[in-house]
Amino acid sequence: MLANFPFIAVGIIAIAGIVTMLLRVNIIRIIMGLTLLEAAGNFLLVAIGYRHNSIAPIFTSAPEEKIRPPAEMVLPTVQAMTLTSIVIGVATLALLLSFVMAIYRDYGTLDCRSIRKLQG
Amino acid sequence: MSKIVRSAADLLYPFILTFGFYIVVHGHLTAGGGFQGGAVIATGIALMFGANRYKVISQQIRGKMLRTCEAVGLIMFIIIGLCALIDGKSFLYNWLANADWLFGHPVTYGSNTGDLYTAGIIPILNIAIGIEVLGGLSLIILYMLSGVSEE
Amino acid sequence: MNLDSLVKHSPALVVALPLLLAFSTPLWSRFNKQLRNIWVVAGMCMTTLLGLFMAYNVLRYGPITYVFGASDPTQTIPHDSGGIPIRIIFNVDAMSAFMVIIIAIVGLATTIYARPSELRRKGLNSFYALLMLLIAGVLGLVCTGDLFNMFVFFEISSLAGAALVAYRIDKGIAVEAGLKYALISTVGGLFFLIAVALLYGQYGSLNIAVIAKMMQFTRLDRFALVFITVPLAMKAGAVPMHMWTPDAYSRAPSSITAFLVVSSQASLYALFRILFTLYNVTLDCRTFGWIIIILGVLSMFIGVTMALPQKTVKRLMAYHAISQTGYMLLGVGVGLATLCDQDKGGAFDVCGRTAMVGGVFHIINHAMYKGLLFLTAGAVIHRTGVRNLEELGGLGHSMKLTMVFFIIGALSIAGIPPFNGFASKILIYESVFMFSPYLAIIAILVSILTLASFVKVFHSMFMGPKLPKFAEVKDAPTPMMFGMGLLAVMIVIGGLFPTIVTENIVEPAVTALTNQSAYIRTIFILP
Numbered sequence: 001m002l003a004n005f006p007f008i009a010v011g012i013i014a015i016a017g018i019v020t021m022l023l024r025v026n027i028i029r030i031i032m033g034l035t036l037l038e039a040a041g042n043f044l045l046v047a048i049g050y051r052h053n054s055i056a057p058i059f060t061s062a063p064e065e066k067i068r069p070p071a072e073m074v075l076p077t078v079q080a081m082t083l084t085s086i087v088i089g090v091a092t093l094a095l096l097l098s099f100v101m102a103i104y105r106d107y108g109t110l111d112c113r114s115i116r117k118l119q120g
Numbered sequence: 001m002s003k004i005v006r007s008a009a010d011l012l013y014p015f016i017l018t019f020g021f022y023i024v025v026h027g028h029l030t031a032g033g034g035f036q037g038g039a040v041i042a043t044g045i046a047l048m049f050g051a052n053r054y055k056v057i058s059q060q061i062r063g064k065m066l067r068t069c070e071a072v073g074l075i076m077f078i079i080i081g082l083c084a085l086i087d088g089k090s091f092l093y094n095w096l097a098n099a100d101w102l103f104g105h106p107v108t109y110g111s112n113t114g115d116l117y118t119a120g121i122i123p124i125l126n127i128a129i130g131i132e133v134l135g136g137l138s139l140i141i142l143y144m145l146s147g148v149s150e151e
Numbered sequence: 001m002n003l004d005s006l007v008k009h010s011p012a013l014v015v016a017l018p019l020l021l022a023f024s025t026p027l028w029s030r031f032n033k034q035l036r037n038i039w040v041v042a043g044m045c046m047t048t049l050l051g052l053f054m055a056y057n058v059l060r061y062g063p064i065t066y067v068f069g070a071s072d073p074t075q076t077i078p079h080d081s082g083g084i085p086i087r088i089i090f091n092v093d094a095m096s097a098f099m100v101i102i103i104a105i106v107g108l109a110t111t112i113y114a115r116p117s118e119l120r121r122k123g124l125n126s127f128y129a130l131l132m133l134l135i136a137g138v139l140g141l142v143c144t145g146d147l148f149n150m151f152v153f154f155e156i157s158s159l160a161g162a163a164l165v166a167y168r169i170d171k172g173i174a175v176e177a178g179l180k181y182a183l184i185s186t187v188g189g190l191f192f193l194i195a196v197a198l199l200y201g202q203y204g205s206l207n208i209a210v211i212a213k214m215m216q217f218t219r220l221d222r223f224a225l226v227f228i229t230v231p232l233a234m235k236a237g238a239v240p241m242h243m244w245t246p247d248a249y250s251r252a253p254s255s256i257t258a259f260l261v262v263s264s265q266a267s268l269y270a271l272f273r274i275l276f277t278l279y280n281v282t283l284d285c286r287t288f289g290w291i292i293i294i295l296g297v298l299s300m301f302i303g304v305t306m307a308l309p310q311k312t313v314k315r316l317m318a319y320h321a322i323s324q325t326g327y328m329l330l331g332v333g334v335g336l337a338t339l340c341d342q343d344k345g346g347a348f349d350v351c352g353r354t355a356m357v358g359g360v361f362h363i364i365n366h367a368m369y370k371g372l373l374f375l376t377a378g379a380v381i382h383r384t385g386v387r388n389l390e391e392l393g394g395l396g397h398s399m400k401l402t403m404v405f406f407i408i409g410a411l412s413i414a415g416i417p418p419f420n421g422f423a424s425k426i427l428i429y430e431s432v433f434m435f436s437p438y439l440a441i442i443a444i445l446v447s448i449l450t451l452a453s454f455v456k457v458f459h460s461m462f463m464g465p466k467l468p469k470f471a472e473v474k475d476a477p478t479p480m481m482f483g484m485g486l487l488a489v490m491i492v493i494g495g496l497f498p499t500i501v502t503e504n505i506v507e508p509a510v511t512a513l514t515n516q517s518a519y520i521r522t523i524f525i526l527p
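Chains as they are written, first to last, in the working numbering: chain A, 1 to 120; chain B, 1 to 151; chain C, 1 to 527.
Hints were generated in silico from the structure; no laboratory data involved.
Be careful, since some hints might not be right.
As the list claims (entries may be wrong) - DSBU-like cross-link-like pairs, simulated, lysine-lysine; straight-line CA separation at most 30 angstroms:
| id | chain 1 | residue 1 | chain 2 | residue 2 |
| --- | --- | --- | --- | --- |
| 1 | B | K55 | B | K3 |
| 2 | C | K311 | A | K117 |
| 3 | C | K122 | A | K117 |
| 4 | C | K171 | A | K117 |
| 5 | C | K314 | C | K474 |
| 6 | C | K456 | C | K469 |
As the list claims (entries may be wrong) - The calculated label-pair distances, taken between Cβ atoms and stated as ranges, are:
| id | chain 1 | residue 1 | chain 2 | residue 2 | range |
| --- | --- | --- | --- | --- | --- |
| 7 | C | N388 | B | L12 | 56 to 64 angstroms |
| 8 | C | E391 | A | M32 | 37 to 45 angstroms |
| 9 | C | M243 | B | K64 | 36 to 44 angstroms |
| 10 | B | I86 | C | G82 | 26 to 34 angstroms |
| 11 | B | A8 | A | R116 | 41 to 49 angstroms |
| 12 | C | N32 | A | R51 | 51 to 59 angstroms |
Beta carbons: idealized from backbone N, C-alpha and C, even for Gly.
Use the sequences and the hints to build the structure in full.
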């Protein structure tokens, strides 16, 4: 049961992110909810790679008994996937915040109920 | 910001840049690499933006230089990847590993202390990505600050 | 570099070339702006030729695999890996080649069309860089054989597309459309990532062929299936998730809208690739096929009924794009529902395969005629400056060639022979009628409503007396004519000789899509 704790935490963070995106009115809060959802996705990726009693997948100055086969290292592919996802998240956040700045300059408000000129 | 903050930022700035470049260059030996180091360097530049007034700092760290950094980093990455096609190998094949001229020392198997001059094109790609990321992220901060009115 | 090695390296070059164009465009404009325009158009021509050449080789000689970072591009299993393919592998089979043909042709039309419409603005640097990035992203999405690589290219095309939608700021309205598109696409991408994480955690590999070989349909795989289908259907514009489509298509520059249609088709391709190649018969064919059919029918119906009362030209065409996506989902959904009966004389042979051929043929037809319609609407808006149908009128006197292109596009979307819309729609009607008559009746009804709505648009835009405020309006400029003419020629060829297109391009694509073991065999070749 304790071993499943990271995955339960992923679920809680994802639900918190989705609820924030659905219930908040200020656009910047909605983008914060998106950031929470991204954090949940990255956390899931890292948690999948964990192996019990293992070290980081780095050979520099690694202790000898963890390298002789069967090598006890955490999965490295998942960490590369997480890094890529974080980079994509940063780019998305920069783009979304630039859009919000342009909308604030032209519409004058950050209330998502008033940013609705495109309807029907 | 007050003179104390500006002086502290001026003092810390070279150390942050050095630390960032250390993370970039040692990407093939320990945790780190292009994006991580580039983000740290961009944090140093963001520190300078936060401590000084926008008019003053945008004369020193100019948008043109950051845009050039970004483009140069990206083009370096693609050109190094395409160089591997000359010999008939795949795109992004490690054509410098174990080849004895640049970053070409062979890697000892197993746990070792880490030799910086190994691993072929990987450190070069890390440096290219590091230059690109510092350009890109600093440019984002510069543009967002230019949209904020002076209060 | 001789022709053989060009073919061998073409999957990597077809993605690396637009990327190189995108990255070097800002540097060129430092020297000379005219040189940059020539550089971009020449580079795009080279990419189109390379894409068509690669597609020809794949359709003639079989699939091309490309392993990134290996010493030999075709060696998918290294000798010390224990029999599993380990690097990022691009697997270009007949269905990918089909999509590459569409992207190459529409990309070239878009790049040449875009020049006059952007000429009066500065910031053309970023426009070309983002367009090349979007083209590279979509080409990568259709060629890749690796799930996480598919996610990365999906995000690249979403972000570049959103930035291009908001490109003309238009007092903030276009930025609102771009914000909606970026927000929804990012949430979709995150769900896709969660599905990839679930699949990796179970099977230990990211390669589509490896997971297809080991797939047992556990409960986590069911979750992964839903988490993959919904974002990809959202990106394609299927109905409960279609809210971004009218806003984004109507506010983007018109050349970009024509390419966004292709980007939506590429997401549809990704959905079919995962449903047919990754899962194949392990999923519950009847249930899931009916879910796709219901998504298709809803899209068709709601798309066309929301299009009828619209007053802005491009918003109306965007709703029609949603409705036509419903046709593709209907055709391929019928194919999926009958996939389990694959023995001789079973339902797949009788109606499923023809429905799939119709659905996949509709993809290329839709890209061509929808692209042409958006480009003509863009030409009209560029010359008159007016987007509202109630204020337009009488343009048939001054914009004759544009009117001819519009007629070709409108007749094609309504399914009138001899244009290519008729060819794919009749395949869908016949096979879906054999599967379930009510669906075919709904499809025919939607087609009639489509014709009605385009008659209304044609009448308001081109018929009537010449209005005084449009007295100096000339016909569209030459690069725009070239872009529109390219797509119109493809429509007429597809309509007059549909069997040439189906036999050589569409049937191999459908065979490659449903034949999972052939896909696995292309990757698991032992040296």
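Comparing the hints with the structure gives:
no., hint, verdict
1, B:K55 with B:K3, "holds, 16 angstroms"
2, C:K311 with A:K117, "holds, 15 angstroms"
3, C:K122 with A:K117, "holds, 26 angstroms"
4, C:K171 with A:K117, "holds, 11 angstroms"
5, C:K314 with C:K474, "holds, 21 angstroms"
6, C:K456 with C:K469, "holds, 22 angstroms"
7, C:N388 with B:L12: 56 to 64 angstroms, "holds, 57 angstroms"
8, C:E391 with A:M32: 37 to 45 angstroms, "holds, 42 angstroms"
9, C:M243 with B:K64: 36 to 44 angstroms, "holds, 40 angstroms"
10, B:I86 with C:G82: 26 to 34 angstroms, "holds, 31 angstroms"
11, B:A8 with A:R116: 41 to 49 angstroms, "holds, 46 angstroms"
12, C:N32 with A:R51: 51 to 59 angstroms, "holds, 57 angstroms"
Checked against the numbered hints given earlier, this structure breaks none of them.
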